[in-house]
Amino acid sequence: MLKKRLIGVVTVKDGWAVQSFGYHRYLPLGKPQWLVENLDRWGADEILVQCIDRSQSKSGPDFDLLETLAGLGLGTPLIYSGGIASAEDGVKVVQAGADRIAVDSLLHDAPEVLSELGSKLGVQALVAAVPMRMRKKTPCWYEYRTRRDLPLSALGKVLGHGLASELLVIDCQNEGNAFAFDARLLDALPDWNMPLLVFGGISDVAQMQDLLARPCVAAVGVGNFLSYRELAIQQFKKTLASSALRPALYAADFPH
Amino acid sequence: MTLGIAMPVATMPLSIAIVDYGMGNQASVVHTLRSLGYRVKLAASPDGLDDAHLLVLPGVGAFPAAMQALDQRGLVDYLQQQGSQGRPILGICLGMQLLAEASYEHGYTAGLGLIPGEFVPFERNGWHIGWNTIACRPGDALVAAGAGEAFYFNHSFHYQGPEHFQLARAGEPRPCAAIIRDRQVVGMQFHPEKSQAAGRILLQDLINGLIYA
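Protein chains in written order, with the working numbering: chain A, 1111 to 1366; chain B, 9 to 221.
Just chain A, same shape as in the assembly (with noise of 0.2 Å):
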């Protein structure tokens, strides 16, 4: 049976590791390597790695992250997004060590290109990251660099052509404060026949399992409420334990 799944989101700004509030708060938490080696170690089920000032500097992907993380040898599968603008960027991405790439501001400014990214490393390399905010009631998709929210019909239009295999929905208002994820931003979405991952807010197991009970919902991303305590992961997949989840991995499951 596929599992759900608990992805550890690393948020790294100008090279650091760090926590985000809302999109507009930063505070420093250090090495993103070491972040993502605790990862890796407490059994998460993915890693997510956003780079999230490399598309607005236009400084391309973060290669020298990915070598230094590449040299971990992670065994857990490995997201990355950030500063993807090209197709030629997206492959060389994976060569370097990601298994999959998430991509926001091409949705923006290139779609076309993840159709051609498509072709080079197939669609399910592929996760389409959005960030979301409630306005008046609405969800809207946020475009961060313009600080403009847009209707879902635009997302519609660039996803409905089947070109990721899954959306990352980021409650980009909430994201860094305790048990505040929006689930309304859910329950407004088209069917586009694609798995979500959430993320944004959610730090507590009972807002997770309310998340996970949906069957749309493929996996719950956690950021900052991973950082506060050791073996984080174990803590909250022993708790979720009913919940679809791979079971959480200790030290003696792994062959010396």
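Hint data in this document are derived by calculation from the structure and do not stem from the laboratory.
These figures come from a predicted structure and were not determined experimentally.
The beta carbon of each residue, even a glycine, is placed where N, CA and C say it ideally should be.
Hints are not guaranteed to be accurate.
[As the list claims (entries may be wrong)] In silico BS3-like pairs for lysine-lysine, Cα to Cα no more than 30 Å straight-line:
(1) A:1168 - A:1247
(2) B:49 - A:1202
(3) A:1230 - A:1202
(4) A:1123 - A:1202
(5) A:1230 - B:49
(6) A:1168 - A:1202
[Unchecked claim] Residues of chain A placed beyond 12 Å of chain B at every Cβ, according to the derived structure:
(7) 1132
(8) 1199
(9) 1205
(10) 1215
(11) 1248
(12) 1250
(13) 1256
(14) 1257
(15) 1258
(16) 1284
(17) 1287
(18) 1313
(19) 1348
[What the hints assert, rightly or not] Estimated spans, in silico, between C-beta atoms of each pair:
(20) B:58 - A:1144: 40 to 48 Å
(21) B:152 - A:1111: 13 to 21 Å
(22) B:47 - A:1293: 50 to 58 Å
(23) A:1270 - B:220: 26 to 34 Å
(24) A:1174 - B:114: 32 to 40 Å
(25) A:1264 - B:93: 52 to 60 Å
(26) B:85 - A:1196: 52 to 60 Å
(27) A:1226 - B:47: 51 to 59 Å
Given the coordinates of chain A, work out where chain B should sit on it, guided by the hints.
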């Protein structure tokens, strides 16, 4: 083994050559195999691949581009010859698909033809992404360690071929072949190198089983 490669003795590290044809990320495969105690190298030419006990064919990407990349490096004939002569070969994810006779990804493309069968898309062009448990053929020691364990899958085409080549199958909602084998050639549809403890254990059993068979 019939290729002039000496059978390893128990105290000698087994050597593995990873076929480097420019498709996807080999770093994790290299790291995992080294951490399991194997001598590992990457090689892009028959000369570099010749002296290893086992060949690993990894891969992420599209089938036609991968076959083209193998062909450009003169590896299609080489791999076909090695496989048919009994050299252990292990294909991972796209690498498993390349071992079959053909795929319909972006049209029909012939594969290496080392395992009978073809790769076809899932219904409604769906995908199989995430950790899925597998059921293994009872009594097969090569894959017994994987029975009931979850492994990381990430693919949109699946194997269609005779049942007796299928050593393990993935469960719902995308039931499909997870491990296929014909003689010393084995394909794993999931990523053992990204499947943490379960992947490492199964990978070790499978490699040792193939080499010492």
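Hints, one by one, checked against the model:
1. Restraint check: the Cα-Cα separation between residue 1168 (chain A) and residue 1247 (chain A) comes to about 34 Å, which exceeds 30 Å; the hinted pair is violated.
2. For the suggested pair residue 49 (chain B) and residue 1202 (chain A), the alpha carbons sit about 21 Å apart, so the restraint of at most 30 Å is met.
3. Proximity of residue 1230 (chain A) to residue 1202 (chain A) is assessed by CA-CA distance (about 11 Å); at most 30 Å being required, the pair is judged to hold.
4. A threshold of 30 Å between alpha carbons decides the hint, and for residue 1123 (chain A) with residue 1202 (chain A) the separation of about 21 Å falls inside it, so the pair holds.
5. With a C-alpha separation of about 26 Å, the suggested pair residue 1230 (chain A) and residue 49 (chain B) falls inside the 30 Å cut-off, and the hint holds.
6. For the suggested pair residue 1168 (chain A) and residue 1202 (chain A), the alpha carbons sit about 16 Å apart, so the restraint of at most 30 Å is met.
7. No Cβ of chain B approaches the Cβ of residue 1132 (chain A) within 12 Å, the least distance being about 29 Å, so the stated non-interface status holds.
8. With a least CB separation of 15 Å from chain B, residue 1199 (chain A) remains clear of the 12 Å interface cut-off, as annotated.
9. Non-interface status of residue 1205 (chain A) relative to chain B is broken: a Cβ of that chain comes within 12 Å, the nearest being about 6 Å off.
10. Residue placement check: residue 1215 (chain A) keeps its beta carbon more than 12 Å from all beta carbons of chain B (closest about 23 Å).
11. The beta carbon of residue 1248 (chain A) is kept farther than 12 Å from every beta carbon of chain B, the shortest such distance being approximately 30 Å.
12. Taking the minimum C-beta to C-beta distance to chain B, about 27 Å, the non-interface status of residue 1250 (chain A) holds against the 12 Å cut.
13. The beta carbon of residue 1256 (chain A) sits about 31 Å from the closest Cβ of chain B, which is more than 12 Å, so the claim that it is off the interface holds.
14. Residue-level check passed: residue 1257 (chain A) sits 32 Å from the nearest beta carbon of chain B, beyond 12 Å.
15. Chain B leaves residue 1258 (chain A) outside its interface by the beta-carbon criterion, the shortest separation being 31 Å against a cut-off of 12 Å.
16. Every beta carbon of chain B lies more than 12 Å from that of residue 1284 (chain A), the smallest distance being close to 25 Å; the non-interface claim holds.
17. The beta carbon of residue 1287 (chain A) sits about 28 Å from the closest Cβ of chain B, which is more than 12 Å, so the claim that it is off the interface holds.
18. No Cβ of chain B comes within 12 Å of the Cβ of residue 1313 (chain A); the nearest lies about 23 Å off, and the non-interface call holds.
19. Here residue 1348 (chain A) stays apart from chain B, with its beta-carbon at least about 16 Å from theirs, past the 12 Å limit.
20. Separation of residue 58 (chain B) from residue 1144 (chain A) is about 41 Å and conforms to the stated range, judged on CB atoms against 40 to 48 Å.
21. Between residue 152 (chain B) and residue 1111 (chain A) the beta carbons are some 20 Å apart, a value that agrees with the proposed interval 13 to 21 Å.
22. Judged by the Cβ atoms, the range 50 to 58 Å given for residue 47 (chain B) and residue 1293 (chain A) holds: they are separated by roughly 52 Å.
23. Hint check: residue 1270 (chain A) to residue 220 (chain B), Cβ distance near 52 Å, so the stated range 26 to 34 Å is violated.
24. Checked against the hint of 32 to 40 Å, the pair residue 1174 (chain A) and residue 114 (chain B) passes, with Cβ atoms roughly 33 Å apart.
25. A C-beta distance of roughly 57 Å is found between residue 1264 (chain A) and residue 93 (chain B), which places it inside the suggested range of 52 to 60 Å.
26. Residue 85 (chain B) and residue 1196 (chain A) have their C-beta atoms about 34 Å apart, which leaves the hinted 52 to 60 Å range violated.
27. One distance hint, 51 to 59 Å for the beta-carbon pair residue 1226 (chain A) and residue 47 (chain B), is violated here, with the actual separation near 38 Å.
This entry does not satisfy hints 1, 9, 23, 26, 27, going by the numbered hints stated previously.
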